[in-house]
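Use these hints to put chain B onto chain A, whose structure you have.
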Amino acid sequence: MAVASSDTAIRTGRVTRTFLYLVLLLFALFYMLPLYVMLVNSVKPLSEITGGGMMSLPQTWTVEPWTKAWNTAQIGVESTGLAPYFWNSIKMVVPAVAISTILGALNGYVLTKWRFKYDTILFGLMLFACFIPFQMVLIPMATVLGKLGLAGTTTGLVLVHVVYGIGFSTLYFRNYYAAFPTELVRAAQIDGAGFFQIFWRILLPSSGPITVVCVIWQFTNIWNDFLFGASFAAGNAQPMTVALNNLVQSSTGVKEYNVHFAGAILAALPTLLVYIVAGRYFVRGLMAGSVKG
Amino acid sequence: MAMADVPRGQTKASAPEKDFRTKLQEWLPKLVLSPSLALVAIFVYGFIAFTIYLSFTDSRILPFVGADGQPTYDLIGFANYEKLFKLSHWEIALTNMAVFAGLYIVVCTAIGLMLAIFLDQKIRGEGMLRPLYLYPMALSFIVTGTAWKWFLDPGIGLENIMISWGWESFTFDWIKNRDYAIYTVVLAAVWQTSGFVMAMFLAGLRGIDNEILKAAQMDGASNWNLYRRIIIPQLRPAFLSAFVILSHLAIKTFDLVIAMTGGGPGRATELPATFMYSYTFGRNQMGIGASSAVIMLMTIAAIMIPYLYAELREKK
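If you read the protein sequences in the order shown, they are chains A and B.
Per our numbering, the first sequence runs over residues 1 to 293.
Per our numbering, the second sequence runs over residues 1 to 316.
The reader is advised that the hints may include incorrect statements.
To be verified - Below, a sample of chain B positions facing chain A; criterion: calculated Cβ distance under 8 angstroms:
no.	residue
1	V32
2	L54
3	F56
4	I92
5	T95
6	G127
7	L134
8	V143
9	I156
10	K252
11	D255
12	T280
13	P306
Hints listed in this document are in silico derivations from the structure and should not be mistaken for laboratory results.
Glycine included, C-beta positions come from ideal geometry on N, C-alpha and C.
Just chain A, with the same shape it has in the complex:
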C-alpha cells in the first residue's frame, strides 16, 4: 500500500466534493447502524423497544440487560448467562492461537530459508486447506474426535482450530520471511549456527509485526467461528457464538431483545477491542490473506 500521493492528478470541483462527502458520510452511518442499534437497545428496558423506540436513546437507562445476559439469561436449558461460555471461548482461543502461530512461524521459516523440492506445492496444499468448505470435514472430524475421546470438549475444538488455522499462519510468516535477507541466514550458517539458533537469534527478533498480524487474524477467526463450535461442542463446552445463538433463538418465554443485544455486544467485545487497539494489523492480515497468496 503506497502512501497517498502528494499531488493527485484528479481534481474535483466544489459541488462534486460536497457530493463525495455526503455519500461517504451516508455509508459511514450505514456501517454504524447495527452497532448503534445493539448499543442503544442494550441499555433500555424492554418496553421501550417493543413500543417502537428502537432508534431512540433510552428514556430510562439500565444495565440490567447486561447483567442478565452475563449472569442469569437462559442458555439452552440452564440459566447460567453467557459468562461460562465466554470463558469457554477464551480457553479455546488462547491455546489454539498460540499453537497455530508457533507452527506457522516455523513452517514459514522452513519454506523460505530451507527450501527443498516441491516445497511450493506443499505450501499450496496447506493454503488450499484454508478455503475448503468445512462441511467437507464435519463428518469424519466428528468420528475422529469421538475416537480420540475429545468429542464435545474444548480440547477437541482447540485441535480443530489449530489444524484449520495452520494454512493462514504459515502464509503470513512465509510471505514475511521471503523478504528477509537470506544472506544473513547463510552467514550465520557458515559461522556454525544451527537450525533453531538461526530462527531464534536472527529471524524471531524481527518477527514482531507479522506475529501481531497472525495472532490478531487467528484470534478473530477462531473467536468468531460458529460452524465448528455448533458441530463439535457439547452443551457445557460451547463457545460464545453458539451460546449467543441459543440465547437469541430460544423460543420459550418473552423475547428479551435488550438482553439479546447486550449478549451480542458481549460476544463482539473481544474482537472489537482488538480491532480498535490494533486495527491496522488486522487490515494488514486481511489484505495479506487475499491480495497476494
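The following block gives chain B in isolation, referenced to the frame of chain A:
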C-alpha cells in the same frame, strides 16, 4: 533451494557422532515441517477423501462400524447424487445460492469500488472513515446477524420505528416474507464485507502511477475518462481477488443465515451450507449430506485452485 546444503566439508573428517549431528541438521527443517504436513494430510485431504467415499454410500448415522465389526453401510454408486438433485430442498438451496452469490458479489464490488474511488480524492477524515467501513469484518456473523434480525423484524424493527415516527402505512416485512427474505441476507452480508472490498480497491488505486494520469490529463482526458480508460482497467488484479474472496465467502455462508432466519421462513433462505448441516446432523442422511458437501467443494475448488496456482507461480 539454495539453503538446503549444510556445510559438509568440515564434518567429513570428524567423529561419527558429529556426522549424526550434521545429518540431523539436514533433516531438521523437514522434521519441523512434518507435524503440520501430517495434520493437513490427515485432517484436510484424508477427510476430504473420506467424505467423498461417504457420498457413495448409504450411511445414515455414526458410528460407521456396527457392534459386529461390520460396516453399517453399503456402497451405492452415484445414487446419493441422483437423489440430491431430485430433492426440491436442494434445488431451493441452489437457486438461493445463485441469487445470493450473484447479488452479493456484484453489490459488494460496486460499493467497494465506489467508496475506494471516493476516498481516494484526498478526503479529509479518510483515516476516520476507513476503520468505520471495515470494522464489520472483525465481528462474528452471529453477532451481526442478531442485530440485523431484530432491526429488520417488522414487530419491533424498521417497520415499527417508521410507524412510531408517524408513517402509519409503512410496511417492511421482507425478513418474514418467503419471496424477499433472501434479499435481507444479501443486505447483511454486503454490510459485513463491502468495507473489506473497499480496502482491496483502495490499495490497488494507491498503487497506480500518477505520472500516467497526469500525462493523460494533459492530453485533455476528463476525470470520467481517466477512470474508465486508465484507472479501472489497471485494477484488474483487485477485481480478480475481490471476486475470488467474495465467491468463496458466499459459498461458505452459514452462520449469517442461521442467526438471521434459520433458513426460513419455510426454506426461503436455505443455502447449500445450511442444507448440508441439516441433512447430516438433523435428519441423519449422512450420504446425502456428504454428497452436497462434495458439490460445494468442487465449486470452490474450481475458483480457488486456478487462483492459488497463478499466485504461487508468479512468486517464483
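request  = Please write out, lowest number first, the hints stated earlier that are contradicted by the structure.
outcome  = 3, 4, 5, 6 and 13
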